[in-house]
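**Q** Hey, can you work out the whole structure from these sequences and the hints?
2 protein chains.
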Amino acid sequence: MKEKFTVHDQLLTDCFRLGQLQACHVLLHRNAAVPWFILVPETGFQDLLDLPAEERDRVVAEAAALSAFVKSSLGYPKVNFAAIGNLVPQLHLHVVGRKPGDACWPAPVWGNLTESVDYTSTQVTDIRRALETILALRS
Amino acid sequence: MKEKFTVHDQLLTDCFRLGQLQACHVLLHRNAAVPWFILVPETGFQDLLDLPAEERDRVVAEAAALSAFVKSSLGYPKVNFAAIGNLVPQLHLHVVGRKPGDACWPAPVWGNLTESVDYTSTQVTDIRRALETILALRS
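Chain order of the listed sequences is A and B. Every number in our numbering is 1203 more than the matching position in the first sequence, counting from 1. Every number in our numbering is 1203 more than the matching position in the second sequence, counting from 1.
Treat the hints with caution; some may be incorrect.
Same chains, same label: a pair holds when it works inside one copy or across any pair of copies.
To be verified - Under the rule of at most 16 angstroms between Cα atoms (straight-line distance), these lysine to aspartate or glutamate pairs were calculated in the EDC-like manner: (1) Lys1207 with Glu1245; (2) Lys1274 with Asp1253; (3) Lys1274 with Asp1305; (4) Lys1274 with Asp1250; (5) Lys1302 with Asp1250.
The set of hints was computed from the structure by calculation and includes no laboratory data.
**A** See below:
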């Protein structure tokens, strides 16, 4: 019997869980200073580039769909994309909307986003609903 | 006539150019503190996740091949992978070998790698030759 997959506690502490796509759970970082999404594929691999090619392509395709949402629906011209995982070993991909003049431009967000802004619950619900409509996100 | 593609000056300043794969130019960051490779696909797109799916998959496959080299040939257990580009607009992908205790572990290298170590020309040649053999890198 396949063991039930659970998202790492640290990610659940840092983020709102929005739902899931075909391959990945979709989280939203609680810091609203920039739109910072995190995708967690259901895999035991810890590095994106270690995934078998087909699975890797599927996961990156979901990141691309999320990136398109960040650009077209949230109005950010640039997306930073990274798989780091030096602190949280569970594979997770960062998809971060960026624009000149944002809270830590041009530095990458990791370790540099000192400004902290809260989402309202309405904002989180709006983002979740938009992803349900546009990307067929399910709960 | 297709204009000749040139790698961005800043990347050529920061890196050794090792050669090219089918889709990407392969650079090696001059700071030898960690094995830090940079892939530059020949495209006008600035964000990895904006590439058409087929091209995106081809580029990520080359990053995966390079990552396998970093792990199996250079002996690094972890690879950080990112497409940021907030400073240098030309699309480039970071493939960085990491291990606990390295020069800036567990911080990401961007903005945190204060230690600087030089490669010898022999070391660069050895890496280039290994990539020519293992990944069919050409000049």
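**Q** If you check each hint against the structure, which ones fail?
**A** none
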